[in-house]
Amino acid sequence: MNWLAILDFARGPFFEVALLVFIGGLAYRLMRILLLGWHFDRIKPAGSKLGGALISYLRGILIWPFIPWVRNTFSKNPVIYIAGGLFHLGLFAVIFLDAAHILAWQSLLGFGWPSLVTPIVDWLAAIAIVAMILLFINRLVNPVLKLISGPAEWLNLLFVFIPMLSGYIMAHHLFFAYEVNFSIHMLAVDILLIWIPLSRISHFMFYFFARAIHGADFGKRAVIP
Amino acid sequence: MQAQTAVNTFVHETGGWVASQLEACTRCGMCAEACHFYQGTGNPELAPVWKVELLKRAYEQRFTIIGKLKLATGIDHHVTDDNLLHWSKIVYEACTLCNKCSMVCPMGIQLGPLIHEVRTGLSAAGMVPADLMSAVHKQEAEGSPLGVTDSVYDDRLEFFEDEYEIKLPVDKKGADTLVVFSSIEIMKYPGNIAAIAKILNAAGENWTLSHAGREVVNFAFFEGDNEETVLFLKRIFDAAKDLGVKRIVVTECGHAYDAIRWTAANLMDVPEGVEITHIAHLLGELVRTGRIKLKEGMYDNGGTITFHDACKIQRRGGHIQEPRDVLHVLAPKSFKEMIPNRAEAICCGGGGGVIAIKEADPYRYAAFELKVDQLKKVGASTVVMGCSNCRLQFDDCVQHFNLDVKVAGLSQMVADALIE
Ligand code: SF4
Ligand code: SF4
Chain U
436 MNWLAILDFA RGPFFEVALL VFIGGLAYRL MRILLLGWHF DRIKPAGSKL GGALISYLRG
496 ILIWPFIPWV RNTFSKNPVI YIAGGLFHLG LFAVIFLDAA HILAWQSLLG FGWPSLVTPI
556 VDWLAAIAIV AMILLFINRL VNPVLKLISG PAEWLNLLFV FIPMLSGYIM AHHLFFAYEV
616 NFSIHMLAVD ILLIWIPLSR ISHFMFYFFA RAIHGADFGK RAVIP
Chain Y
1267 MQAQTAVNTF VHETGGWVAS QLEACTRCGM CAEACHFYQG TGNPELAPVW KVELLKRAYE
1327 QRFTIIGKLK LATGIDHHVT DDNLLHWSKI VYEACTLCNK CSMVCPMGIQ LGPLIHEVRT
1387 GLSAAGMVPA DLMSAVHKQE AEGSPLGVTD SVYDDRLEFF EDEYEIKLPV DKKGADTLVV
1447 FSSIEIMKYP GNIAAIAKIL NAAGENWTLS HAGREVVNFA FFEGDNEETV LFLKRIFDAA
1507 KDLGVKRIVV TECGHAYDAI RWTAANLMDV PEGVEITHIA HLLGELVRTG RIKLKEGMYD
1567 NGGTITFHDA CKIQRRGGHI QEPRDVLHVL APKSFKEMIP NRAEAICCGG GGGVIAIKEA
1627 DPYRYAAFEL KVDQLKKVGA STVVMGCSNC RLQFDDCVQH FNLDVKVAGL SQMVADALIE
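Those protein sequences? They're chains U and Y, same order as listed.
Residues in the first sequence are numbered consecutively from 436, following our numbering.
Residues in the second sequence are numbered consecutively from 1267, following our numbering.
Hints are computed from structural coordinates only; laboratory data are not their basis.
Any given hint might turn out to be false.
Unchecked claim - Facing chain Y, from chain U, some residues (calculated, C-beta under 7 Å):
#	residue
1	Arg477
2	Pro480
3	Ser491
4	Tyr492
5	Leu575
6	Val579
We put the beta carbon where it would ideally sit given N, CA and C, even for glycine.
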């Protein structure tokens, strides 16, 4: 097989198409939500909606991945808190702070930024991969997750797992020739990009809606969200 | 077909507010750990995310490409009447709309209000538990779900005036404050009525009760029927306008407060310039401003006192601090918090209409087990609350679980501690 040709395809036209689907798909979903109609809230507030929304964001971003144990429900299912938090942390570090990925960003955007030192990114990536396996097992055994998981939920895990794993293998030059690893990684990334707007992985976009609504609803009542 | 009616209502109710939150859900299942009904029973179908599944399916099938694809390929199916039956059971019998789940959801999805939307669809389709429905009909016909008709109201008030030696002003034009009791208080906790009257009189408040607006409980709001909800609210607002009051005070009822304070203005026109507040807030204000004086430490010698946060008065009502301020005067040494508390408190399990549905009893008791645990851990000999619906649940469950705990209403404790 001509891996170099595959690599060219995966990095070239296929990537461009995937990127278009990703951006177009998300834009479509965003517009659809925005255009669905928003009623004007006529309730007289007792506190600040904006303040509530800000606190809600801060809590969501700080407590959730870093100090989950301050929540009283933590002890009931610590795996999902810790694995979920570490997975997201590792994912962000790899996508935005890994030297090789910053080069990719640079070629896309025209500018880059300093990277995190490789060993740290490396560890975070490894942790994220282990966390994903834990999340997978958790989804297999937890009765609620069993009930609410359909094919899409399993595909979500798979389509995120393969780029993570193949990226790790590639960074460590394991198993196959470099261009083979690279090709697999790029193909997996392309598929993921196409899958995101079709799936709930796009929650990162609606996160901002839900958090704002939550914070405003609590803030309006003068309750800390 | 009933399912079609429900789906149409869901579609009608779905604006950006509902859709963006349904889209944000990652199906992580963490909300389950918040729900006392899931915790108490271990039944995964009682997980909050599963309770909104019906709404989510209707939304996806109607508005999203993926949803339509799923239908076409047979991965998902049209909503059926059997589905409605299943969801009717779980959203009416095993959810108090306490919204604790929204505090645990990493996305912050407002699951309580979304489950209320599910109820709205089911109510349009006529899939409401019979017990709840008959209470709504009774409120429609008699003005109260507990049968407090005009004449029953008069009889009760006359009886309270004799029994407790208090003055209860009714339909007094020119009063500043309209006090609206719940029929639970009128029929089951008359001590509350006497207590609140005593406090208001001691504070020199110019207040009144009303015949037309005599019932604050809103069973249509439990049901999720917006039209009827407005009808019941209108009775109170009309009374307030007639009497020309400046404020409406809701007494010890939580869901009613959610309806009139935090929902009404989005469903109907509410009278301009009339403040709506809760007795918990008023008590705090009267104590803070010195309009009433209380015997400090009056309850300090009877063992540990703890406070139960009612989901609709504290977390959803905003009056978290006031009852604590009052308790710090009444029992500075023996007042102790349960954990978790305040906005993250665990709900009693009887609200949202649950206690009115006989078939829900097993769920209701299972959910209360979390409360039993909390009470034991804090070593409470008295548990205080500001919601008489919670109090019904506590009274019943204290018996059911054979607990040695006294259940008390906040207003009554304040009234007993008044320095005349
Ligand atoms: S609102 Fe309360 S009772 Fe209902 S699902 Fe959420 S936590 Fe459970
Ligand atoms: S916790 Fe929130 S995001 Fe997770 S399943 Fe429940 S509703 Fe969805």
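Hint by hint, here is what the structure shows:
1. The interface hint given for U:Arg477 is met, as the beta carbon of that residue sits about 4 Å from the closest beta carbon of chain Y, less than 7 Å.
2. Hint status for U:Pro480: violated, given a least beta-carbon distance of 10 Å to chain Y, over 7 Å.
3. Restraint check, U:Ser491 versus chain Y: the minimum CB separation of about 6 Å is within 7 Å; hint holds.
4. Interface hint at U:Tyr492: violated, since its Cβ lies 9 Å from the closest Cβ of chain Y, which is beyond the 7 Å cut-off.
5. Against a cut-off of 7 Å between C-beta atoms, the interface hint on U:Leu575 is violated, since the closest Cβ of chain Y lies about 12 Å away.
6. Satisfaction of the interface hint for U:Val579 is found here, the shortest Cβ-Cβ separation to chain Y being roughly 4 Å, below the 7 Å cut-off.
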